[in-house]
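Chains A and B supply the protein sequences, listed in that same order. Residue 90 in the working numbering is what sits at position 90 of the first sequence, and the numbering runs on without skipping anything. Residue 63 in the working numbering is what sits at position 63 of the second sequence, and the numbering runs on without skipping anything.
Any given hint could be a false lead.
[Stated by the list, open to error] In silico DMTMM-like pairs for lysine to aspartate or glutamate, Cα to Cα no more than 25 Å straight-line:
#	chain 1	residue 1	chain 2	residue 2
1	B	85	A	275
2	A	43	A	31
3	A	306	B	89
4	B	52	A	325
5	B	52	A	272
6	A	305	B	89
7	B	87	A	238
8	A	291	A	238
9	A	305	B	94
10	B	85	A	8
11	B	85	B	122
12	A	306	A	275
13	B	125	A	325
14	B	85	A	238
15	A	306	B	94
I should point out that these hints are in silico values taken from the structure, not numbers from a laboratory.
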Amino acid sequence: MVPFGGWDMPVEYSGIVAEHMAVRTRAGLFDVSHMGQIEIAGKDALAAVQRISSNDASKLAVGQAQYSGLLTGQGTFIDDLLVYRLAASHFLLVVNASHIPKDYAWIAEQIKPAGDAVAVDSSSRYALLALQGPAALEALQPLTGVDLAGMKYYWFANGEVASVRATISRTGYTGEDGFEIFVPPQSADRVWQAVLESGRAADVVPAGLGARDTLRLEASMRLHGNDIDETTSALEADLSWIVGWKKDDFIGAPALREQKAAGVKRKIVGFEMLDRGIARQGHDAYIGDMKAGTITSGTQTPFLKKAIGMAYLPVEHTAAGTEFDIDIRGRRARARIVPMPFYKRPK
Amino acid sequence: MASYPDGYKYTKDHEWVSLSGDRGKVGITDYAQQQLGDVVYVELPEVGAKLKQGQSFGTIESVKAVSELYAPVSGEVVEVNATLKDKPEVVNSDPHGAWMIVVRLTSAGEAGALLDASQYQDLVK
Numbered sequence: 001m002v003p004f005g006g007w008d009m010p011v012e013y014s015g016i017v018a019e020h021m022a023v024r025t026r027a028g029l030f031d032v033s034h035m036g037q038i039e040i041a042g043k044d045a046l047a048a049v050q051r052i053s054s055n056d057a058s059k060l061a062v063g064q065a066q067y068s069g070l071l072t073g074q075g076t077f078i079d080d081l082l083v084y085r086l087a088a089s090h091f092l093l094v095v096n097a098s099h100i101p102k103d104y105a106w107i108a109e110q111i112k113p114a115g116d117a118v119a120v121d122s123s124s125r126y127a128l129l130a131l132q133g134p135a136a137l138e139a140l141q142p143l144t145g146v147d148l149a150g151m152k153y154y155w156f157a158n159g160e161v162a163s164v165r166a167t168i169s170r171t172g173y174t175g176e177d178g179f180e181i182f183v184p185p186q187s188a189d190r191v192w193q194a195v196l197e198s199g200r201a202a203d204v205v206p207a208g209l210g211a212r213d214t215l216r217l218e219a220s221m222r223l224h225g226n227d228i229d230e231t232t233s234a235l236e237a238d239l240s241w242i243v244g245w246k247k248d249d250f251i252g253a254p255a256l257r258e259q260k261a262a263g264v265k266r267k268i269v270g271f272e273m274l275d276r277g278i279a280r281q282g283h284d285a286y287i288g289d290m291k292a293g294t295i296t297s298g299t300q301t302p303f304l305k306k307a308i309g310m311a312y313l314p315v316e317h318t319a320a321g322t323e324f325d326i327d328i329r330g331r332r333a334r335a336r337i338v339p340m341p342f343y344k345r346p347k
Numbered sequence: 001m002a003s004y005p006d007g008y009k010y011t012k013d014h015e016w017v018s019l020s021g022d023r024g025k026v027g028i029t030d031y032a033q034q035q036l037g038d039v040v041y042v043e044l045p046e047v048g049a050k051l052k053q054g055q056s057f058g059t060i061e062s063v064k065a066v067s068e069l070y071a072p073v074s075g076e077v078v079e080v081n082a083t084l085k086d087k088p089e090v091v092n093s094d095p096h097g098a099w100m101i102v103v104r105l106t107s108a109g110e111a112g113a114l115l116d117a118s119q120y121q122d123l124v125k
């Protein structure tokens, strides 16, 4: 167990590599109840969400979700989040555990000009389980009346799982097909046990924080605190697709429009190691003798069996195929920029 | 429960050394590999490197963390286990067999002060 955002969380159950491979080839069950939930409701809830969230929430139908950013006025990340449209004027935001109080304070303050809308921190009302992997559907379907096969990616539905009231969404943080299951905390253990039991035939295993990190990195998903933070803009993070360029002004929009017109000076890249060694967060990147950037994430990936990572580099050095050096504890090791995602699941 | 070979000597940093004449084979303990989790990379010195007791002789890296390897005894590296380059996971599956380096000891008395198997077992229990 390790302390994580105020929670004690298992890094691994059977081992990071075994859990990672289980998710890629069968399925793994994660307890991600640490994630925070903030709800915004009221007549002007859409306007409120539009103001604080970078993506365009007007595109969401009721029952649909989207990835987005909670941005500063400079267009950098206070946090990243998922926005669920529960009803026409009722939204659920899922945010990172360690930022719940900060996010809530920011949101409550910033939505005031939007009119009739209130924000509520409802984190304590939700436990969240994530069942991820190609066998997720077959393991979960017997426990619910919700038609999972008919649920599209990034849509959700209300129903029951193992006779427990639940919201099921076809989302995740692993690069695999899978579902996230919101349940009342007092029933989380029952649902956890039921899913493992139902998944026994498919050899579904519990998975921890360690595998969650290697899986998301292999799938090139950014981690707030590593790859994005209050110093990196949505454009630098190559997340232009979560910026609602066509919607009315939102926090950070003027700065991002300016940055887009002028061009960014640095940008995130994915890389793989050519020399032996594993680059880690905080290691320096060099182009020749020039310190050119910093590694934001890095690991040895269990499925691709390569040392990979992400870094910010000057934009003129970000073309795929470009080679650069990383200082790994005093030793220079060669790396090459590769297109992201590193891993994409077979269709 | 892991069993720690009786003939080995152990350090508080979780290395073992198996002595034979003036040679010592060095590896890390079962407890250490459990703490590290899946080992993916072992970086070892060149043959000929001179080590002082307690000095770092390399690094071992698992998916989740990097750790230094510390020399349990002083001496010169006379052999390096090249198979760990391609099969670092042997450190997990056979920690007390997966030796990393062989050292020719330069101070014979040092090893005597290390922990024996039962003392080490007490340390990690």
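Status of the hints after comparison with the structure:
A hinted pair counts as satisfied when its Cα atoms are at most 25 Å apart, and residue 85 of chain B with residue 275 of chain A qualifies at roughly 13 Å. In summary, the hint linking residue 43 of chain A to residue 31 of chain A is not supported, as the alpha carbons are separated by about 34 Å, beyond the 25 Å threshold. Using a Cα cut-off of 25 Å, the hinted pair residue 306 of chain A and residue 89 of chain B holds, with the two alpha carbons roughly 15 Å apart. For the proposed pair residue 52 of chain B and residue 325 of chain A, the alpha carbon gap of about 31 Å is over 25 Å, so the pair is violated.
Between the alpha carbons of residue 52 of chain B and residue 272 of chain A the distance comes to roughly 35 Å, so the proposed pair goes past 25 Å and is violated. For the hint pairing residue 305 of chain A with residue 89 of chain B, the CA-to-CA distance comes to about 13 Å; that is within 25 Å, so the pair holds. With a C-alpha separation of about 36 Å, the suggested pair residue 87 of chain B and residue 238 of chain A falls outside the 25 Å cut-off, and the hint is violated. At roughly 21 Å between alpha-carbon atoms, residue 291 of chain A and residue 238 of chain A fall within 25 Å of each other, so this suggested pair holds.
Distance hint between residue 305 of chain A and residue 94 of chain B is fulfilled; the C-alpha atoms sit about 21 Å from each other, no more than 25 Å. Using a Cα cut-off of 25 Å, the hinted pair residue 85 of chain B and residue 8 of chain A is violated, with the two alpha carbons roughly 35 Å apart. Restraint check: the Cα-Cα separation between residue 85 of chain B and residue 122 of chain B comes to about 32 Å, which exceeds 25 Å; the hinted pair is violated. Simply put, residue 306 of chain A and residue 275 of chain A have alpha-carbon atoms about 11 Å apart, close enough for the 25 Å limit, and the pair holds.
Straight-line distance between C-alpha atoms of residue 125 of chain B and residue 325 of chain A comes to about 42 Å, which puts the hinted pair past the 25 Å bound. For a cut-off of 25 Å, the pair hint linking residue 85 of chain B to residue 238 of chain A is broken: about 35 Å separates their Cα positions. With a C-alpha separation of about 23 Å, the suggested pairing of residue 306 of chain A with residue 94 of chain B holds against the 25 Å cut-off.
The structure is inconsistent with the numbered hints 2, 4, 5, 7, 10, 11, 13, 14, although it conforms to all the rest.
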